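Go ahead and model the full structure; you've got the sequences and the hints to work with.
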Amino acid sequence: MKNLELLYLYGFSLRLETKLEDLLSIVSEHLSNDKKIGVVLLHDAVISSSTSRLINESIKKLHSLPISVYIMIPDLEARGLIYDDKSSKGIPIDYEKLVELMDTVPRIISWM
9 MKNLELLYLY GFSLRLETKL EDLLSIVSEH LSNDKKIGVV LLHDAVISSS
59 TSRLINESIK KLHSLPISVY IMIPDLEARG LIYDDKSSKG IPIDYEKLVE
109 LMDTVPRIIS WM
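Just so we're on the same page, my numbering is the position in the sequence shown counted from 1, plus 8.
Heads up, some of the hints might be wrong.
[Claimed, not checked] In silico EDC-like links for lysine to aspartate or glutamate, alpha-carbon gap of 16 Å or less: (1) Lys27 with Glu65; (2) Lys97 with Glu65; (3) Lys105 with Asp42; (4) Lys43 with Glu13; (5) Lys44 with Glu13; (6) Lys105 with Asp83; (7) Lys68 with Asp30; (8) Lys69 with Glu13; (9) Lys69 with Glu37; (10) Lys27 with Asp52; (11) Lys68 with Glu29; (12) Lys69 with Glu25.
[Said to hold, decoys possible] Derived DEER-like restraints, expressed as beta-carbon distance ranges: (13) Ile90 with Arg23: 18 to 24 Å; (14) Asn41 with Pro82: 21 to 27 Å; (15) Asn41 with Lys69: 15 to 21 Å; (16) Pro74 with Leu24: 20 to 26 Å.
Keep in mind that the hints were calculated from the coordinates and are not lab data.
No experiment lies behind these values; they were computed from the predicted model shown.
Don't be surprised by glycine CBs; every beta carbon is placed ideally from N, CA and C.
So this is what it looks like as structure tokens:
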């Protein structure tokens, strides 16, 4: 978990690129202040993590940042999708790991 200082819970559909662009802007600002950041993709945000053909430019930018990106596997499964470790760039987690993350990171920001 790399001693994260901030954990963003992001649940919007990645088709809403303006919301993701806002998140990218804020995360980039935190990174300029040397913060260690994690982003958990959950709810509809997990959809683009299951197949490379659905990935847009904003999610590519997110994955290119020096942050930890987590993908909620139960949310993928609830949408009838499967985590593909060959094409997915995020770290797969379940509810137990999410609770562990939330317990260890001092600041949690929810975007849902």
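Status of each hint after checking the structure:
no., hint, verdict
1, Lys27 with Glu65, "holds (13 Å)"
2, Lys97 with Glu65, "holds (14 Å)"
3, Lys105 with Asp42, "violated (25 Å)"
4, Lys43 with Glu13, "holds (6 Å)"
5, Lys44 with Glu13, "holds (5 Å)"
6, Lys105 with Asp83, "holds (14 Å)"
7, Lys68 with Asp30, "holds (15 Å)"
8, Lys69 with Glu13, "violated (21 Å)"
9, Lys69 with Glu37, "holds (14 Å)"
10, Lys27 with Asp52, "holds (13 Å)"
11, Lys68 with Glu29, "holds (11 Å)"
12, Lys69 with Glu25, "holds (11 Å)"
13, Ile90 with Arg23: 18 to 24 Å, "holds (20 Å)"
14, Asn41 with Pro82: 21 to 27 Å, "violated (33 Å)"
15, Asn41 with Lys69: 15 to 21 Å, "holds (19 Å)"
16, Pro74 with Leu24: 20 to 26 Å, "holds (24 Å)"
In this structure, the hints that do not hold are numbers 3, 8 and 14, in rising order.
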